[in-house]
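With the hints in hand, could you dock these two chains into one complex?
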Amino acid sequence: MARIGVDVGGTNTDLVLESPAGIFYHKVPTTLKNQSIGVVDGVLAICARAGLNPTEVETIVHGTTTATNITIEHNGSDCGMLTTEGFRDILHIGRHKRPTNFSLHFDVPWQSQPLVKRRNRIAIRERIAAPSGEVAVALDEAAVRAACALFRKRGIKSIVIGFMFSFLNEAHEQRAKEIVLEEIPDAYITLSSEVAKVIREYERFSTAAMNSYVGPKTAFYLRDLEARLQGAGIHSKLRIMQSNGGVSTVDACARRPIHILMSGPAGGVIGGASEGSMAGTPNLITVDIGGTSADISTIPGGAVKVMNPRDTFVSGHPVLAPMIDMVTIGAGGGSVAFIDEAGGFQVGPRSAGSEPGPACYGRGGTEPTVTDAQIVLGRLDPDMALGGDLRLDAELSRRAVEEKIAKPLGLTVTKAALGIIRIINNNMALAIRSNSVARGIDPRDFSIMPFGGAGPLHGVALAEAVNARDVIVPVAPGITAAVGLLKSDLRYEHTDAVILELTGADQAAIERINAIAAHLRERVRDELNADGIERARQKIELVAECRYAGQGFELRAEMPDTLTLQNKAGVVQSFHDRHHLDYGYSYPQAEVELITLRAIGSAAVRRMEVPKIAATDGSSPDRALLFVRKTTFDDGRTLETPRYDRTKLFAGDKVQGPAILVQHDSTTLVPPGYVAEVLDYGNTRIRALGA
Amino acid sequence: MNQMTKSAVDVDPITLQVIRGAFETIAEEMGHVLYRMSFSSIIRESQDLGAGLFDLNFNTLCESESTPMHIGSIPAYLRGIGETLEDGTWHEGDVVVHNHPYYGSSHTPDLAVVVPVFLDGRLIGFAGNTAHHVDIGAATPGLIIDVPDVFAEGMLFAGTKLYRKGEPNTAIWNYIRRNSRAAQQLVADIEAQVASARLGARRFVELIGKYGEETVFAAANQLMDYAERMMRQKIAAIPDGEYSAEGWLDDDGRNRDRRLKVKVTVRVAGDGLEVDLTGSADQTPTAYNVPFEGSTKVAAYAAFRKILLDTATSESRVPSNEGSFRPITVTAPLGSIYNPRFPASAEARFTQCNRMIDLIIRALAPVLPETIIAGSSASISFAAYSGVRPSGDYWVFLEVNEGAYGGRPRSDGPDSIDNLMANTRNNPLEDLAMHIPMICERYELRDDMPPGAGEFRGGIGVVKAQRMLAPGFITHESERHTDAPWGIFGGTEGAVGRCTIHNGDGAARDMPSKFSGLAVAADDVMTYYSPNGGGYGDPLKRPPRKVLDDVLDGFCSVDRAREVYGVIVDPEAETVDMAATEAARKALAPH
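For the record, the sequence lines run as chains A and B.
Numbering-wise (the numbering used here), the first sequence opens with residue 1424 and increments by one.
Numbering-wise (the numbering used here), the second sequence opens with residue 43 and increments by one.
Hints were generated in silico from the structure; no laboratory data involved.
Don't be surprised by glycine CBs; every beta carbon is placed ideally from N, CA and C.
Among the hints, erroneous ones may be present.
So the derived list for chain A, only partly shown, Cβ under 8 Å to chain B, looks like this [what the hints assert, rightly or not]:
#1 Arg1511
#2 Phe1529
#3 Asn1850
#4 Gln1974
Computed footprint of chain B on chain A, listed as stretches where at least three residues anywhere in the stretch have a Cβ under 8 Å from a Cβ of chain B [unchecked claim]:
#5 1556-1569
#6 1621-1627
#7 1786-1797
#8 1853-1859
#9 1999-2008
Chain B with its partners taken away, still in its complex shape (with noise of 0.2 Å):
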């Protein structure tokens, strides 16, 4: 009998308990074990990764808490599998690879692996995980952007099987060995993957041995219909109505003069919602377009989690399955940037997917006042830095910069952090220092630029300077060097984004907020400053002691305390003026 079928069992509420529990350590656990083991930076360090079970119908039944823009992404994998899978069924010892971002995948480089979970030589569902691979043989090292098409994203896998009963598909392996730039990270790392998957299918059965498996897939469609049900609570408090916000992306990496429109509009009917992106931009002819089904629907699904279900103000956690976002559709015209059309590129996407949960937040200020931030950051800087070492092998490393958020109704946004899908770890520098030929010269709290002011101001982005100790390459993904995160509620908005390269004392070059393949000398050195947040409400009602802090902590300059905050400071006795910053407030406040 099916799995599905509902209410086959009814589980009580404590049993529930006790199976999510179970589910949630099975999916820590097959996360723990990849990125502990693996290889790659990306992996080890930045846990670019998510891992999960799924039963037939490609429901995700549990996922590990590591990166959102993986979480709930592996279903249209599932998918994309299932259209595509060789030999056209699953046996038992399979174990498939998959990445083609027409047949579901995030894009190119986050591989799927994926086991079929057998019970009795009967298929019951799937063990799976996803991760970002350095290299995949792409036209440029580690990352792209400007190519002509999907095909020179590197190796596309489509229900691809590493392994077929048991049994290693050698020829496949060896493949791999020889088309990517980093191979033995690659190799070692799905070899991660495999360990991982593998270890989530042996859990999986010893849990239905222990619950029996209607109990379990009951329990499983009872914990979806849970968070259906908080998710649709939430979306019932908000006023029925159509919300939209619009902001501005630079360019597709290749024509430059050309600013790229996101529209989005949220209409909110009853307990549920749609998110229409209709009235952004056309396709690019770059791969600055995001694959549909794998991540726009992903970071749309995402952005109600963080807005409406909030871990931090909420008492108890949704848990991480398909439930929460049943109440919400999403829309993309095919052609368009969020929803291209085959054989188009999309494999930078993420500043997009960043800035469109941006957008609806914006759109929904005017409702949710005291649950909306000001402008984030919303964009990635994702740099891939190679070169080819004396021995003649490639060295690829790829790194995450953060952002800032923007001010929020009861704190400062949070500095130098991973914004919004993004939540991935730093590299740390010394670490990178014994390996590559490359050294940090500069990583701190940008201070070039103030973030957004307000009652509450914006986070402050960072600055990252990176010297290349030997000729190589540079791609970089970026955004936002045009158009600034907003504030909102009287709150100012924040600071642009920016990208230098340099050599020695010469003078710095500025850089478009995306460049591909780009050679680069020994000693040039490559500085990105990512936006500041915007700043929420008036920043009269900021308290002179939080400016003072700001000015002695070097956020905010004296004459900015005095000018945009009304906050008189003497920074040698590190004091307010309390007398001058009453009359300075008066002075500054509207009549």
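For reference, chain A alone in the conformation it holds in the complex (with noise of 0.2 Å):
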């Protein structure tokens, strides 16, 4: 029985295949157009490479960007909206704040890209009263079905019903959607009370119409992606990553892509939480840095974090779904550095991308990037460059660092690229910062963990700028995100709005909570089930999303399985906890308000287990030695400093820097001071020498 697991990145398509034979790793051409022609031929050709029939692959797991890219590249489906009678503008309104302070010519993506156009949003008389959620006018059925023939007219299949209060009662949302089925029974329909049933109109409907407006593509991907691996004789289970780190099948995701906009960088934060464990580990912060930007989350005690839902955009669209805590910058290899007008030494956000991209590919690029200040360094060997396959001309590297940045700077060629990679690690710093201790998490307890081909040249820059504790490099950290979606769990979740005072409350409201808690997981108990998952192997977990009543932030406290009069105040603690945590602060004495209930569902399934290495034989790590260079590090020094194959290191050797590892797409930075410790799966924990 074999397990693949496939990552689609803008450039390569990661696989990696488990079987009993071994774990084989391979990459292919992402298939711009669409992803899943470089899927099915790299699954293909994994299997020509293990030595395996594609029928035996039990499951495949795929992190994909196709739902991200609709909403990069704006061609969503044109979709129809059913809203409420006086607020037809939601969507074009949104919370009415600028992106930007300071200019005249700022772009507004929700009206310049808006998801669903004015003229397909049509206003139909209905009105739930508030607080009680009665019907207080009924809905208008027969304006239901004359946008329905609007919509006909103008061949819009997907359609988007949000309407006001639905989140106090979604009949008018189920009833609409019962007529729109009858005007147009192929229609792809999103009502905002099922995708997101939660106060704040803007950001429900926002929610329902991104979901319609990335779902039938999306869908048709998804469906069209299981035809052709069925196609290719390859009859697996195929299961989707999902933004908030667990996977889920087909038909979820079909119908609620907004669970995948973030699938890719979901399996990167996986793969490195799981990394994390296989070193013994569990406070980690995951730094992916990739072409142009890097994404970082913080997992304190090996539990990965799920944003505050109020903190979830996509494309600047607010979008209520479950993601995992992240923070993403403009900083990666081809971050471009430069002079601005007024003198001022930049290094992104933009990047040289992959064409031209950095000065050294020779491709016409003539800014300096982070890439050629690390080659003009001797960090990185242009003739090494994945295992020699890609050559890089350093004498690119050098003369756009000397003409862009140390000209006019009057620097240095070497200071001038030394500076290049301190400001682009700073931005790094500071966005690690702002996902840690800006949280009330001391970065001295964790480790940080870099991954992505690039990922490891800083590590050890990085835990020194933040005071990290160590630096743990990954065993492949160039397929670490491909990794991960072999050794993610199921995960679904619901919410329902249940609004009233935690504190005061008496049997009748804990009763009404236990209720809905019950039905919400009731309805995780069912899409687990529906995946086969024995009641045994089902986790479900309660959250309750509660602020101080007036408050406009919710935070997460600790909910038990029945709530009683007794318990309650453990709850309203723990609520007070998290905010003392978060903010520095808390209000004793104020009343705790519960906004939200959500259950968290899962089932272990079985994690790709990684072989152990051998164990040194107390031989020199001299036997991994390819040659030695001079290299530049962070103190100005220019050293001899020999490049280790890391593939050829026992577990238990430590290598002394200053050293470079080397495997075939990615480089480990060791400094001076620092020692490099193999580990026994042949990833490596960096530290300061006498730490």
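Structure (structure tokens):
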């Protein structure tokens, strides 16, 4: 029985195959028009490589950027929307805040790239009363049918239904859906009360609209991929990575593609988390460095965190879907260094991308990038990139750094290159801080885990900048996200709005909470059952999203299986504690209000097992020595620095810096004063000497 | 040694960027904690706040990117605190609250909370923030307009210590609790401000611990020089000269028949400039005046950051500090609406600030045609709804309504969005209905009047109708009922704003743009229409496809498409008749 993880990136589709015969890695070029072509090619190729008949593949887990790309390229479905009379333009107005303070020429993404054009937003007479949830004005069913006639005329089949106060009572949204299905039987319909049954109309409507916008295309992609795999004789189960780090089925993702908008980076975080447990290090800060951006996530105690739903945006639109808590910044190997008009030294966020790419690619790029700086400093060997598959021109790098940075600033080329690295590292360090220190997490108890091919070049510098404990380099840094796909659990979430005072809740209120909790649990259980997960393996967690009465932002409190008058105080206390941890202050006297109940169901699936490598026989690590070259380190010293083939090191080997560890698609920098210790799986811990 | 001594240390460009990033992170973190913790919707939803770090000379070292009216306002507060500080001196553990408009505040509801930063027992700077509070016990709930003087604005704090050497000053806390209609929110939100300021002070000390005092302050100075250099370069590119524009404000909120003139003159000389407001109206007898230090100057600085250092068109961002203000001087005669004399009230000051910025943009149109934009709504709608609950407790809700931008040289003016100096978030209507006896009836784009036509049309304002479910009070501070946003380079003017009140099926009565403490009945509905922006460029140059889009989206009628744009639309087929359009445009073009 074999399993395959397939992670589709902007340039490469990475694959990992786990079978009784061992673990295999493979890369194929991403097919941008339709990712499924590359996925199928890659699956067949890696099977061939492993000597495996494709019919023997049991499960394929897939990380995809298909849904995300639709939002970036603005080529989703033409959608129609039914909404409450008087509120036709909620999606156009948004929260009426400009994306930027000091600008006259700013873009407003929700107006310039609307998810639903105004002409297709049809206002319907209906009204749900607040706070009771009673029907105040009945649904105008004839108006719904008339809107459907217009949609038919315009060829619109993707429909959003978002009514005011549907978080209190979804009856009108449900009834409108029945009518739409009568009028347009093959419509793709999203109800706001189904995707995000929570208070705040703009965010809820935007979530529903995003679902219908990316829905039909994403559903087509997923089903097409399934068919192509079948056609190629691969009858395995296909699972999709969701933004929350859990995997789900093709059916569920086709209905709720808003849950896979961050499918790609989620695999990296999960991969990083599992590498942490392999290294016996639960407190991690993962830094996934790509060509144009870096994704940073803090994982305390091995538990991947999920973002506050108030903070989840995709391409400028709020989307209330659980997403792994990470920050993405414009810092990567392709980030361009430049001197601005007032003489400021800047690196990124603009990237040279892969065309023209860094100057060293020799594709016409003349601006220095972070990669060029690494080459100038001798940290990347131009003849060793991708195991020598990619030829780089060091002279072009040097010239770019000299012309654009060193000369204008009156610095040596080396100093200028060091400056580029220091500024980009600082940008990443600040993002790490915002995702850790700013939230009450002390980085001194955490290890930096850098990955992406270039990640381990930055690991030690980042650890120093944020005072992290040490650095853990994964086994295969260039393919960590694909590996992560084979290490994630099934995961489903459902929410319901339950707005009531928790501190003063009486027996009736508690019974109401318990009834809603039971219903949520049931919905989650149904999904796990549908996946064929036996009851004993199902894990269901309940979370109370609370705030002080009158506040605007919820934080998560722990929730017992059954709430009682007695254990209620524990929920309240856990909210006070959370508030104090996040903001450094709490209001112990204030009323705590419950806003949303959330049930999270998961089921552990078999994790991919990475084999241990041979333990050292006590011989010198020099067996792995490739050659020695000059390399410049952050303290400005240029030292003769040995390169070691990382694949020839044994567990327990210790390599003292200055040193560079090389493998096919990744390079690890071990500065002087540091030692790299090879761990059981070929992963590596780097720490300061004497630490 | 004084940290302001220039070039004590020359910080290398790399360390400079590192410290800049650290400063910005601290300011953002301070702002984040404040709005996430706070209770009143004006702070937590609208984010009407600012936060930052300051040196002993009250220079801003960094400031959060929250609401522009707050950005750059805190130094004037610090100068005012310097003059009025309780005990005459700072102690470690002190926390000060301050809002006196004649001692530097932006206006009284914006309370500043300031914490001194000590290093080894020595004062080295300040961490502080400002936030708009729902009610500080003024003459009318929430907002005021028609009042006699500054003493009607509510509690005035000047250098008042909330904590002395770390110990709470319980008398002042009790006083605050007894003097607000929304005391619970006010006190909890001040506590949030204290938490934010203390956090900033802690981070400031950590930063100095890492890089050293000399380096940090030297870097701060260099960052100010850098911002100054950026601004001067841009000013130098404007031809020297004097550029003026004028406009009219509706009234002062009491004397309905008297319009108030705003005159702006921009004098550019080399790499510096002056904004001169001479010729603008005299100060008013109501609250409709602008505190000079805390608001007039701040708005003028912000105008040039928007015009000359536009983040959307610049590759690098200017750091948020004093540097970019240095090349700009602001003049307003004492006793005028932009520089009132004590004890005039000066609480309702926002629309005048926005109008000044709009007129600076207009004044510069002849020399910066590719940079400026057509007339924006340049007003604000600031409404205070209030009432007394059956329990006897007051409820007060502040609402900021948005406007629309003028057409731009390369794109249409954005619709339904906070304008110029304002940048708040609206309050979710569902959240409102769950908590206060008010229900929103309508919140949509305006369709009673079109925006200014142009190659790039003006933005479209909103219409918002709020129904009171129980008797209460409304105070509304708005503008632009008489003087429509201007079009430019062939673009036509936008539409004026409007405000009505009606009950049930009764007729709507037109309201003036400003009114105070109006008693309203259950089921009274106030409807506000914000002005539409002016157009930029010749409407006949607008691509027919875009005119069709506007027709289909309901932004432009078929008739208007034909008459103003010369575009012949078939609304049934949803197409443009290109031949007929060509002919219509020929006929409309001037010969």
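Going down the list of hints, with the structure as the test:
Satisfaction of the interface hint for Arg1511 (chain A) is found here, the shortest Cβ-Cβ separation to chain B being roughly 5 Å, below the 8 Å cut-off. The criterion of a C-beta within 8 Å of any C-beta in chain B is met by Phe1529 (chain A), whose closest approach is roughly 5 Å, and the hint holds. This hint holds: Asn1850 (chain A) has a C-beta 7 Å from the nearest C-beta of chain B, less than the 8 Å allowed. At a threshold of 8 Å, the smallest CB-CB gap from Gln1974 (chain A) to chain B is about 6 Å, leaving the interface hint in force.
For the region 1556-1569 of chain A, the assignment as covered by chain B is violated, since 0 residues bring a beta-carbon within under 8 Å of that chain's beta-carbons and 3 are needed. Given as covered by chain B, the region 1621-1627 of chain A passes the check, having 5 residues with a CB less than 8 Å from a CB of that chain where 3 are the minimum. A stretch counts as covered by a chain when three or more of its residues have a beta carbon under 8 Å from one of that chain; for the region 1786-1797 of chain A and chain B the count is 0, and the coverage is violated. With 3 residues bearing a CB less than 8 Å from a CB of chain B, the region 1853-1859 of chain A meets the requirement of three and the coverage assertion stands.
A count of 5 residues in the region 1999-2008 of chain A with a Cβ less than 8 Å from any Cβ of chain B is obtained; the coverage claim is therefore met, three being the minimum.
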